[in-house]
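Engineer: One letter stands for each residue in the lines below.
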Amino acid sequence: MRTLLLRSLRACATLLGLVAIAFVLLRLAPGDPAQLRFASDDAVDSGAAAEALVRFRSEHLLDRPLHVQFLHYLGPFDLSPAGHRLLGGSGSQPWGGLLAGDFGREYLRPDVEIAPEVLRRLSVTLPLALLSALLAYALALPLGVWQGLRRSSAFDRWSRALTLLAYCAPVFWVALLLQELLGPSGLDWLPILGLRSRTAPSGGWGDLAAHAVLPIVCLSYASIATISRQMRAATAEIASSDFVLAARARGVRERAVIWRHIVRNALVPATTMVGQVLPWLVGGSVIVETVFEIPGMGKYALESLQRREYDAVAACVIVTGVMTLAGLRLSDVLQSRLDPRVRDGAV
Amino acid sequence: MERFDAAVAIPGAWSRWRAQRGVRFALSVLALVISSAIFAPFLASARPYTLLAVDRGAYETSLAELEPLLRNWNARLLDAAAAKAALRDDDPRSVHAAWETHAALLREVRAVELRLSTLRRYASSERAAQVPLDALDLRLRGWTDKVHAGELDDLGPASEVVASAAALRNSHRPRDGSSDGMRLRERRSFPLLADLSFCEWLAALAWLAALPAFALRARARGWIALGVLAVLLASLCAAAFRAPSGLSTREVKLGVATGAIELASAWYPPIPFGPDETRMSEAARPPTWASAAEIDERGGYVRGPRAAQSTLELVPSARPVAVLPAEPSLNSPVRHLLGTDALGRDVLARVLWGGRASLAVGLLSASGVLFLGVLVGALAGYLRGAFDAFARALIAILQSFPPFFLMVTAAAIGAERAASASLQPLAWVTLVIVAVGWTGIARLVRAEALRVRELDYVRAVRALGYSQGRIFFRHVLPNVLTPALAAAAFVAISALLAESSVSFLGFGVRLPDPSWGALLQEARAGSLAWLIAAPGLSILVTCLALAWLGDAARDALDPRESR
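Chains as they are written, first to last, in this note's numbering: chain A, 3 to 349; chain B, 29 to 591.
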């Protein structure tokens with residue numbers, strides 16, 4: 003119970019730090035939201051526009067000290083003049099900020115709320131990332147075990163060279179090459195842009211699957227390389243350990259040795275990767291979604307960076323951070339399932 | 029006593045590392061890539077190494093401009109004298125005016141001196157030719173001294189000087205075809221070498237010094253290699269954090285082609301194209317060894333229209349292609365070995381120059397990550413307490429982001445602030461990669477330091493009463509380096525990939541400066557197939573060599589794991 007409390011406290015502190023970093027990034031950006039909001043207006047110097055700018059500043063607390071701005075950004079209380087009555091506001095808009103699920107609006111398109119937009123984009127990115135993670139694990143775990151069991155065989159050498167190649171090949175280059183090779187200018191096997199055909203916007207699952215093949219391959223191949231390398235090292239180390247030797251000496255069947263003694267133990271380090279693979283995939287989605295023009299969160303983040311929608315950028319940073327924390331937590335749970343020492347708190 | 033002695037173990041690992049299969053090959057590949065980046069200006073440039081020529085265009089312009097400049101100078105002189113007369117100490121405006129006219133005066137002097145030096149350089153060495161120039165020069169020098177001293181009143185009659193400059197225009201007219209005039213001298217110059225910055229010289233010389241050191245069979249070799257690496261990193265650092273030297277242009281080649289430069293001899297680099305030498309008439313040309321690249325005299329492709337090469341870009345219309353001096357002939361297979369991009373720039377030259385930015389950022393940020401990670405990790409593990417708690421919290425927070433995502437965001441958002449603080453985009457990207465990437469190494473090293481600080485020999489030196497600093501630097505730090513060394517190559521790979529990815533997205537090295545990632549961004553925008561292969565292959569080969577070395581280092585440092 004106490005460890006649980008401590009852990010959740012620590013998680014809260016980390017979350018706070020995460021938001022703080024996002025906030026610092028926001029403040030690093032050139033100009034402030036008010037200037038960005040009215041950047042498109044031609045007559046910034048005229049009286050009305052200047053007045054609107056001042057009003058926007060005071061409504062969004064941009065004229066207040068930095069810590070007040072941070073608390074306002076964090077929520078859940080809205081600290082602006084229209085904020086909660088307990089804090090001296092008029093009470094017309096009591097809640098606001100991140101903790102109230104409010105990520106603000108885009109500067110140049112004030113009718114677009116950021117939170118639902120990010121959710122909408124996530125519904126594209128997350129399935130892609132999860133499918134890629136599944137594919138990566140489905141391929142990399144058997145590959146790594148196989149390599150680790152047959153060290154120094156021809157298969158091991160060649161497949162290791164291949165995974166090294168995959169580890170070193172930059173994603174955007176592979177994506178461009180695949181587009182060039184399999185797209186309309188090459189073999190014309192697969193569609194290379196978007197998730198749906200322009201000609202048949204409601205083209206069913208087959209169309210969607212054909213569009214998703216290349217992005218999923220590009221997202222997953224680097225993780226396959228990393229996971230299989232780790233799995234090979236773990237398998238090799240355990241396969242040459244004393245308890246495996248002892249099991250074999252006791253006459254345990256070879257299949258049982260491999261499955262129960264080697265694979266199960268080698269899976270423990272691989273589960274620590276679960277927490278890292280998801281963030282890699284989300285980071286990689288920035289590139290993959292840009293190259294393949296998929297309207298996911300990575301592309302949204304990049305577009306926001308290019309359009310200087312820094313509030314949207316900060317929202318993406320925070321969302322991916324929370325997802326990463328969730329991934330780390332998941333790998334903790336998995337590990338304690340697989341490794342009784344972790345479960346009992348011995349390690 | 030269980031003692032891991034770095035002084036013994038690391039050289040042992042070094043020889044084990046060297047003995048492994050493929051390490052020598054990977055080292056040579058890496059050396060080749062780094063050499064090609066360092067010597068890129070010597071390999072691909074539009075400027076010749078040496079040039080023996082008369083710059084007739086410059087001579088004629090100088091001759092024509094000398095007299096008007098002197099007239100102008102005379103007018104400025106009167107202004108300055110007037111401003112000096114009106115100067116009152118209590119009137120800031122008059123002080124400012126006097127200062128302005130003085131500065132203008134000095135600018136004019138410099139302009140005149142430049143023209144005069146060009147004339148002296150190329151004018152015939154006969155006495156009759158040089159004497160009037162010398163006299164003018166002497167006169168000018170006397171004036172400049174007086175202007176510097178602020179004695180504007182007794183400069184003597186200026187009209188006389190203007191008249192003598194006017195006379196020069198007749199007496200020093202260059203010989204033109206058969207007509208009589210002055211024979212100009214050919215002079216030697218070094219356009220390419222003059223273009224190199226101090227940092228580039230330093231890096232090139234350090235690298236040259238390193239090559240024989242690798243061939244030596246001496247114990248000192250390791251130290252020499254380390255020293256060279258340090259000089260290299262320092263010059264890279266200096267190069268990344270200062271303004272870039274201007275990329276070379278094709279002025280020499282154009283001058284020769286138009287006849288403004290009368291050439292005696294010139295020695296060009298093997299690839300006589302600069303990385304930013306645009307030529308629209310030859311835009312979007314496939315590699316010239318391919319039959320699809322053949323061009324006829326009118327500028328059209330022999331096999332089919334030019335439009336077939338590109339789908340998205342504007343279709344380059346057929347235009348006669350000018351072949352400048354020193355360039356391979358129009359349909360020579362080596363003219364553009366890797367083709368040209370949408371602006372007609374030579375891709376091979378751009379890939380060679382692009383390696384400079386990519387490798388500089390990759391190597392610099394990798395060493396930054398290693399330095400920061402080892403320092404913070406070792407201190408946190410050794411000191412424990414508040415510093416450890418702080419470092420752990422920081423690491424936990426930084427690791428709760430997808431690292432690449434954070435890098436892109438920080439690189440993009442901070443770029444303008446960094447530019448206004450006169451940081452180069454390169455330097456900013458390096459800082460971002462270091463700031464985001466140090467946590468992994470720090471965690472590894474911290475765990476090792478936690479283990480080492482409880483070992484017997486550390487307890488022993490503590491019992492002996494050695495100072496904290498001595499224990500840390502002499503006994504703990506060398507012994508926690510192992511995990512960092514084992515991971516060093518992979519840190520370099522991820523830094524290299526991060527830089528190229530950030531540049532690919534358009535937030536790193538800004539176009540038109542080439543870097544491998546930025547080149548791929550251009551390739552994507554132009555959808556020209558032959559632009560894709562070379563930059564990506566360069567990244568891949570560099571990373572593969574590093575990964576091979578890293579795997580070997582991991583095995584060598586950890587004798588337990590047999591291959």
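Derived by calculation from the structure, the hints in this document are not laboratory data.
Here a beta-carbon is modelled for each residue, glycine too, at the ideal position from N, C-alpha and C.
One thing to keep in mind: the hints can contain errors.
[Unchecked claim] Covered, in the sense of this in silico footprint (three residues per stretch, anywhere, with C-beta under 8 Å from a C-beta of chain B), are these stretches of chain A:
| id | stretch |
| --- | --- |
| 1 | 121 to 130 |
| 2 | 147 to 153 |
[What the hints assert, rightly or not] Derived contacts from chain A toward chain B, CB cut-off under 8 Å, selection only:
| id | residue |
| --- | --- |
| 3 | L30 |
| 4 | H74 |
| 5 | L167 |
| 6 | A168 |
| 7 | F174 |
| 8 | L179 |
| 9 | L180 |
| 10 | D190 |
| 11 | W191 |
| 12 | P193 |
| 13 | L307 |
| 14 | V315 |
| 15 | T322 |
| 16 | G323 |
| 17 | T326 |
| 18 | L327 |
Engineer: Does each hint hold? Answer for all of them.
Structural biologist: Here is how each hint holds up against the structure:
1. 121 to 130: violated (count 0)
2. 147 to 153: Check failed, 1 qualifying residues.
3. L30: holds, 5 Å
4. H74: With a closest approach of 20 Å, the H74 of chain A hint is violated.
5. L167: Status holds, d = 7 Å.
6. A168: violated, 10 Å
7. F174: Holds - the Cβ of F174 of chain A comes within 8 Å of chain B, reaching about 5 Å at its closest.
8. L179: holds, 6 Å
9. L180: violated, 11 Å
10. D190: Interface hint status for D190 of chain A: violated (13 Å vs cutoff 8 Å).
11. W191: violated, 16 Å
12. P193: violated, 16 Å
13. L307: Result: holds, 4 Å to nearest chain B Cβ.
14. V315: holds, 6 Å
15. T322: At 5 Å from the nearest chain B Cβ, T322 of chain A passes the 8 Å test, so the hint holds.
16. G323: holds, 5 Å
17. T326: holds, 5 Å
18. L327: Where the cut-off is 8 Å and the nearest Cβ of chain B is about 5 Å from L327 of chain A, the hint holds.
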